[in-house]
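So the chains spell out like this:
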Amino acid sequence: AQKITQTQPGMFVQEKEAVTLDCTYDTSDQSYGLFWYKQPSSGEMIFLIYQGSYDEQNATEGRYSLNFQKARKSANLVISASQLGDSAMYFCAMRGRPGGGNKLTFGTGTQLKVEL
Amino acid sequence: GAVVSQHPSWVICKSGTSVKIECRSLDFQATTMFWYRQFPKQSLMLMATSNEGSKATYEQGVEKDKFLINHASLTLSTLTVTSAHPEDSSFYICSASRVYGTNEKLFFGSGTQLSVL
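Heads up: the protein sequence lines correspond to chains A and B, in order. Take 7 as the starting number for the first sequence in our numbering and just add one per residue. Take 71 as the starting number for the second sequence in our numbering and just add one per residue.
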């Protein structure tokens, strides 16, 4: 079974600062994928970044980067230069083997608030 | 980029009626779609996996006769909440899987807020 743990129910960060959202996972799969999604108050789920278990380099997408530490089973999201529009709920998720339509397992989420 | 359209975005219905929610992949074919349920301030819980041309795979504890899923084409999956009751009130969200070579991305619809009176 797969499990995602997000230990930070809420986080505050000042505008223009960087923030790290924690995510640890547990799986017996050798091949898996890790995702981060943003959910604003409107409810939609916005894909941010993806890391494959065999990817040697940490994924980056603009201001988002994923600090992937495979031995520690952690996949923390780093948001640089925070903006007010980054205030939202953030979910870490995991999927088993790539392809094949495998389901996502979500963490409980972290509510991020960006302040002036 | 890929877009998944979900309709309606919100619906209010009377107890005992049925409600249909549509999930469409607008510019790609999705052989697999997923349906999630989310209670306020909680995470997304997978309800079922919808496979084009075959029966949906339901997660443990999800009543397949209550939550009917139809994936009749490569771009459309529907979730029908039959004989809805107030406890079915929730946020329902779908996602569609798109394969890019050896990579795969999941795109989500904008969700449907269901309120059963």
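Mixed in with the good hints, there may be bad ones.
[As the list claims (entries may be wrong)] Below, a sample of chain A positions facing chain B; criterion: calculated Cβ distance under 7 Å: (1) 34; (2) 38; (3) 46; (4) 50; (5) 51; (6) 77; (7) 109.
Please keep in mind that the hints were generated in silico from the structure rather than gathered at the bench. As the structure is a computational prediction, the values presented were derived from the model and not from experiment. Even for Gly, the Cβ is constructed at its ideal location relative to N, Cα and C.
Verification of the supplied hints:
Using the Cβ-Cβ criterion of 7 Å, the hint placing residue 34 of chain A at the interface with chain B is not satisfied: the shortest such distance is roughly 19 Å. For residue 38 of chain A, the interface hint is violated, the least distance from its beta-carbon to any beta-carbon of chain B being 12 Å, above 7 Å. Against a cut-off of 7 Å between C-beta atoms, the interface hint on residue 46 of chain A is violated, since the closest Cβ of chain B lies about 11 Å away. Annotation: interface hint on residue 50 of chain A holds; nearest CB of chain B at approximately 4 Å, less than 7 Å.
Among the interface hints, the one on residue 51 of chain A holds; its C-beta lies about 4 Å from the nearest C-beta in chain B, closer than the 7 Å criterion. Look at residue 77 of chain A: its Cβ only gets to about 24 Å from chain B, farther than 7 Å, so that hint breaks. Checking residue 109 of chain A against chain B: minimum C-beta separation of about 5 Å stays under 7 Å; hint holds.
The earlier numbered hints that this structure contradicts are 1, 2, 3 and 6.
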